[in-house]
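Peer 1: In case you want the letters, here they are:
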Amino acid sequence: MGPLTLMTFLPAAGAAVVAFLPRSKPNLVRWTTLAFTAAVLAIGIWLYPQFNRSLAGINQPESFQFVEQARWIPAYGIGYYVGVDGLSFPMILLTALLCFICIPASWGIGRAVKGYHALFLLLETGMIGTFVSLDFFLFYVFWELMLLPMYFLIGIWGGPRRVYAAIKFFLYTLLGSVLMLIVILVLYFNVRDPVTGSHTMNMLQMMAQGNHGGILTLNVVRTLLFFGLYIGFAIKVPVFPFHTWLPDAHVEAPTAISVILAGILLKMGTYGLLRVNFAMLPDATRHFAWFLALMGTINILYGAFCAMAQTDLKKLVAYSSISHMGYVMLAMSAFTPAGMNGAVLQMFNHGTITAMLFLLVGVIYDRAHHREIAGFGGLANVMPRYLGVTAVAFFASMGLPGLSGFISEALCFIGAFPVWQTLTILSLLGIIITAGYLLWTIQRMFFGPVNEKYATLPDINARELFTLIPLAVIVIFLGIWPHPVLDLMNTSMTYLGELVRQSGSLL
Amino acid sequence: MSPVFGDVNLQPFLPELIAAGGLLLLLLLNLRKSGARGAMTAVGGVILLTITAVVALRGDETVGGYLFDSVMQDGVTVFFRIFFCVATAISLGMLVFSFRTDGEPFLLMLSGVVGMFLLAGANDAVTLFVALELVSIPSYVLAGYKRGDVRSAEAALKYVLFGAMSSGMLIYGLSLLYGLTGSTNLLEMALRLGGLTGADTMLLVALILVLAGIGYKVAMVPLHFWCPDVYEGSPTAVTAFFSVAPKAAGFAALLRLMPVFTPLLTSYGVNALTLFMVASAVTMTFGNLGAIWQTSLKRLLAYSSIAHAGYILMGFAVLANNPPGDLYQEAVTAILFYLVAYLFMNLGAFWVVDHVERHAGSDSIAHFRGLGKTSLLPALMLSVFLFSLTGIPPLAGFIGKFLLFAVLVKGKLFALVIIAALNTVVSLFYYVRVIRDMFLSEPDEQAASAVALSKAKLGVLGGALSLVTVIPTLVLGLWWGPLAEWLLMRSW
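Chains as they are written, first to last, in the numbering used here: chain A, 1 to 507; chain B, 1001 to 1492.
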């Protein structure tokens, strides 16, 4: 059993272990879960130095790393096939890191502790599995596997409107998934493995344009497939107008689950676009790049304006996520090295920054039991340490130089500008609006007269700092020296951009 | 050992003979006065079905037509025999909870088995009709077996009336076909219909009537009206049986009839493909939309079973559009696999409903509120079954849908597959509503039903029933290759 299989299924094994622990010992459950997530993170860290930065992966089977292959259902061309390249490796590191941090952040969950942690571990299996799968059937199974725990985690442990939020999330994502399933089948029946001559679910075989046959050579089919996949992934990102599930799900989800939603699940959408749309249908991607860029710009501006209008702190952060995922969309639609790297780096950085933001919202919510921005004021005097950490996260989110958000946003814009001048200039407005709503929020919450009700709130405690400090260190460190993460993806993303740019024309 | 009757080879008929002989033996044993006749008959029945299934599995699959070519023995017949044995055995187990002292319901359920066997092999219009009646008549009695219950009586009456009407339609349609071709042998009929000209309308009417007759058995819209009422009124174990075995028998008969459908090509563009596409799309959409509004879980599952009939009919649309060959064979495999997945998940769902109904006093969805708190295990099982019915991986129902969608995509019926995909999303809404009530709502701690449920034990039989339904639902979701290949080998 290789490291990737271990990373994928260790959490599932942990879920089984947790299920058999005694109900009367919630702390044992928490520590066990923490141990399993720590083990997954440890494997990730152990792999980090071994990962070969000069191999591209993407559509070259020989340059994927830590590959494992096993027979599963050979009659249907379905196999167990996992491996990572520069696109997926940063994502599994991010997943392992955030999952580990989310366990201490869930220490306050007091209801049905066993169920919560078992489902959480199952969710981790689904997420890592999705990122490492190189077989489309396997990918789809993991992709759907994430839905079930997520539904229960929001629906059982969420806020007042949790039931509505959970089903809305579930219905939206399932709609995207079934469309994706149809596209997968069309690809499956029109791609042949050149060696065996039979249909295959192997994603890399589907990426080899020479294997495409049948109706897959028709431009209209390629266009339809592109948009079928696009809808499936856009719902996850979420791209306007499929975003309406996100504010509901975020606001109702418990803190740790919001972190996972924004930190990892949203990245599934852009990851899917890059892994599937870009690599399998590069010509259609190139043809509809303007569409991706346009949707990215709309996301940036729409998300930012919506964020500005929010009175609920968590909703504000949720909309800011929509806005920040727009940068990813805009940057990757340029196919330039800077844009492609910026997109994936922004995915990674947004994962850490937004995780901090949601954790910080959780800190204040646990104390004040509400999230109305207008209800606070003068917290700077009451919770000075909280202000310090919040400032790091907010400034990183608005892209202040010296923090990680700046590097990735700058790369995104540098990469996008040569190709999409007008859209990039429009998108730059997003930065100003982002700075506007974040600074305004800091002002309303931390400065001005102290709200007497909250004059005695305790400052951020050690457990909360334990979840935030590692993220803050990463945010600051990558802001000064982004290479440890950038180097992981550079070869792959440059290659993928080149692949799309060199692809034939759709018309 | 080869039982030969003149020049009639009875060897392939052995499973039917054993099932019928065993039934008579059990009937005789039932004459004894005993306190636990029901349980004993169930045990006897399960043993009988096991023997029958083993004999069926070892049967020669290359026989072809026998008994004057009125019955076919091939891989599909073998599959269906085993299928019906398993479905009936699980249903017999469920029946024990409601009828511990009565032997008759068990015997009635068993007596349908021979009919279903014959239906799966029928190669002659008359055999097909007789076999269908053999399945139906015990069902009518079973539906009304809750003596003194008005709803059960209503269910039986509705079942009889609708059954009579659809039998009439079927026999009328078959007689028209006979008139057109001069043969009752289905393959012969198909052959002669291929060369027939100038009788479009007549053939269309005949086939619509035949489809309606079978459609009643599989609860195809618009012949589904009996279904929710009968499912709601019948004893739950009987409902579980109805939702799987006779439905599968209907599909088995339809598989045998497909060669008769494919020659249909009218001058005004209606052909077998349009017939099945419309039937499938309407059935699944109507079933799913109907299920949304239900407050009784049995009614909800009734509508869901209508929807599933619609999904399975998609496979028939592929059959109607393609000559026998690779795709045809794969479509038959997809249909059979779906039936297997459906067998376990649907029987499982009804089994949990039965469990709750017996302890809480009703199958109203309100009684499932907070089931995750009062009795976790049944609630978890029901969630597995409902998610599987929705078609969420890694559960058997997903693979069933995956294979069906696959043959549709391969057959380029994209419109239908998109309708089915949207239907899947709709179905999630009502399946998850039940799961929501079980896990996301608090139980009414004071209510007698909640108290009774928290004390309810599954018992040995309950545990066994849970295992035989849950394990295949999970295993077929992850490791389905062997079954799919086994089926592919047996499909034509």
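Just so you know, the hints here were simulated from the structure itself, not pulled from any lab data.
Note that the Cβ used here is the ideal one computed from N, Cα and C, for glycine as well.
One thing to keep in mind: the hints can contain errors.
[As the list claims (entries may be wrong)] One side of the interface only, derived from the structure: several residues of chain B facing chain A at Cβ under 8 Å:
| hint | residue |
| --- | --- |
| 1 | 1058 |
| 2 | 1063 |
| 3 | 1064 |
| 4 | 1065 |
| 5 | 1066 |
| 6 | 1067 |
| 7 | 1068 |
| 8 | 1405 |
| 9 | 1410 |
| 10 | 1415 |
| 11 | 1419 |
| 12 | 1421 |
| 13 | 1432 |
| 14 | 1440 |
| 15 | 1481 |
| 16 | 1483 |
[Stated by the list, open to error] Pairs of lysine-lysine, BS3-like flavour, derived with a Cα cap of 30 Å:
| hint | chain 1 | residue 1 | chain 2 | residue 2 |
| --- | --- | --- | --- | --- |
| 17 | B | 1373 | A | 25 |
| 18 | A | 25 | B | 1033 |
| 19 | A | 114 | B | 1412 |
Peer 1: Is the interface hint satisfied for residue 1421/B? The criterion is a beta-carbon contact with chain A at less than 8 Å.
Peer 2: holds, 4 Å
Peer 1: Can you verify the interface hint for residue 1405/B: is its Cβ closer than 8 Å to any Cβ in chain A?
Peer 2: holds, 6 Å
Peer 1: A closest beta-carbon separation below 8 Å is what the hint needs, so does residue 1481/B meet it against chain A?
Peer 2: holds, 4 Å
Peer 1: Does the interface hint hold: is residue 1064/B within less than 8 Å of chain A, judged Cβ to Cβ?
Peer 2: Because about 26 Å separates residue 1064/B from the closest Cβ in chain A, which is outside the 8 Å limit, the hint is violated.
Peer 1: Hinted pair, alpha-carbon criterion (30 Å max): residue 1373/B, residue 25/A. Please report holds or violated.
Peer 2: Holds, because 18 Å separates the two Cα atoms, which is no more than 30 Å.
Peer 1: With a cut-off of 8 Å, does the beta carbon of residue 1068/B approach a beta carbon of chain A closely enough for the hint to hold?
Peer 2: Where the cut-off is 8 Å and the nearest Cβ of chain A is about 37 Å from residue 1068/B, the hint is violated.
Peer 1: Have a go at the residue 1415/B hint: is there a Cβ in chain A nearer than 8 Å to its own Cβ?
Peer 2: violated, 11 Å
Peer 1: Classify the hint on residue 1483/B as holds or violated, based on whether any CB of chain A lies nearer than 8 Å to its CB.
Peer 2: At 10 Å from the nearest chain A Cβ, residue 1483/B fails the 8 Å test, so the hint is violated.
Peer 1: Please verify that hint: residue 1063/B, Cβ, nearest Cβ of chain A, below 8 Å or not.
Peer 2: Result: violated, 26 Å to nearest chain A Cβ.
Peer 1: Taking the least C-beta to C-beta distance, is residue 1432/B closer than 8 Å to chain A?
Peer 2: holds, 6 Å
Peer 1: Holds or violated: are the alpha carbons of residue 25/A and residue 1033/B at most 30 Å from each other?
Peer 2: Violated - the C-alpha atoms of residue 1033/B and residue 25/A are around 54 Å apart, more than 30 Å.
Peer 1: Taking 8 Å as the limit, does the beta-carbon of residue 1066/B come near enough to a beta-carbon in chain A?
Peer 2: Hint violated; residue 1066/B Cβ to chain A Cβ min 31 Å, cut 8 Å.
Violated hints, in rising order: 1, 2, 3, 4, 5, 6, 7, 10, 11, 16, 18, 19; the structure is consistent with all others.
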